[in-house]
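There are 2 protein chains.
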Amino acid sequence: MIRVVATGTFDILHPGHLWYLKESAQLGDELYVIIARDANIRHKPRPVIPEEQRRCMVEALRPVAKAILGDLTDMYRPIRELNPDIITLGCNQHFNPEILERTLEKQGMQTKVVRISAFTNSPFTSSRDIVQEVIRRSDAMKRHIEPGDHSSGCDE
Amino acid sequence: MIRVVATGTFDILHPGHLWYLKESAQLGDELYVIIARDANIRHKPRPVIPEEQRRCMVEALRPVAKAILGDLTDMYRPIRELNPDIITLGCNQHFNPEILERTLEKQGMQTKVVRISAFTNSPFTSSRDIVQEVIRRSDAMKRHIEPGDHSSGCDE
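One line per chain: the protein sequences are F and A, in this order.
Residues in the first sequence are numbered consecutively from 2, following the numbering used here.
Residues in the second sequence are numbered consecutively from 2, following the numbering used here.
Since no wrong hints were added, every one of them can be taken at face value.
The list cannot tell twin chains apart, which means a pair is met if one copy fits it or any two copies do.
Mimicking BS3-like on lysine-lysine, the simulated pairs with C-alpha atoms at most 30 Å apart in a straight line are:
id	residue 1	residue 2
1	Lys45	Lys107
2	Lys23	Lys67
3	Lys143	Lys45
4	Lys67	Lys45
5	Lys23	Lys113
In case anyone wonders, no lab produced these hints; they're calculated from the structure.
Please put together the full structure from these sequences, using the hints given.
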């Protein structure tokens, strides 16, 4: 049984996430996903969707066996507990695979780190693209409505 | 083999969609989902995510066997082709179940129409809630940045 671990924020789900998770799952028999904690996301604006909702949506995706929240203080703790054969990195995760492998080895793990390629076959392949499209439309709406009318122009 | 059909826009995925699809799937053996076409969404602002991307994300959810795009002119055509035992309605779909059953019966289908309850256990259970949170943050950012600086403040 080859266990694979993927990690990420997974804010607003899109086909780039799905590609990363499918490719990760194909490397083994079961895919676990570690979801970044709201409090630990400091290198970019905090996600729109709260951590537990991000976790449950990722776990609903077919390639994923189980999604868990990361640790608040020790990012390696869930990795030690899952003890995966493979960890996959998304195209925009700024870890060096070799350095990460050596760090894991020092903690007693023989884990291979694999970089998954980017996916660019859809128009909205990042949460940022989706957020920016929402803002673009909202700004366009505001230019066409009376001052004082704050309807968002967006629905279900 | 009991075939269930669910329908909807499924713009930005959230736990309300997931609840609707899980509850629908539990009524039978295989769940097909008909995705509303971009061109046919006139009763609310057009979705942020294009139809093919909405389709592929819904099909990636575990309860869903297959997701297909609706027909551009005849909403009953894919239903006739799938010939489901059950059609489910989401809590915000404004069909009357009895009238829909009778309409389907006139087209030769013995299809039961079931209303699925609302899901309110997460903070963002509609695409509109998510869109409005994005806009709220963007507006808050704009009030705190210099005129002429158009950074969105949003990332992956």
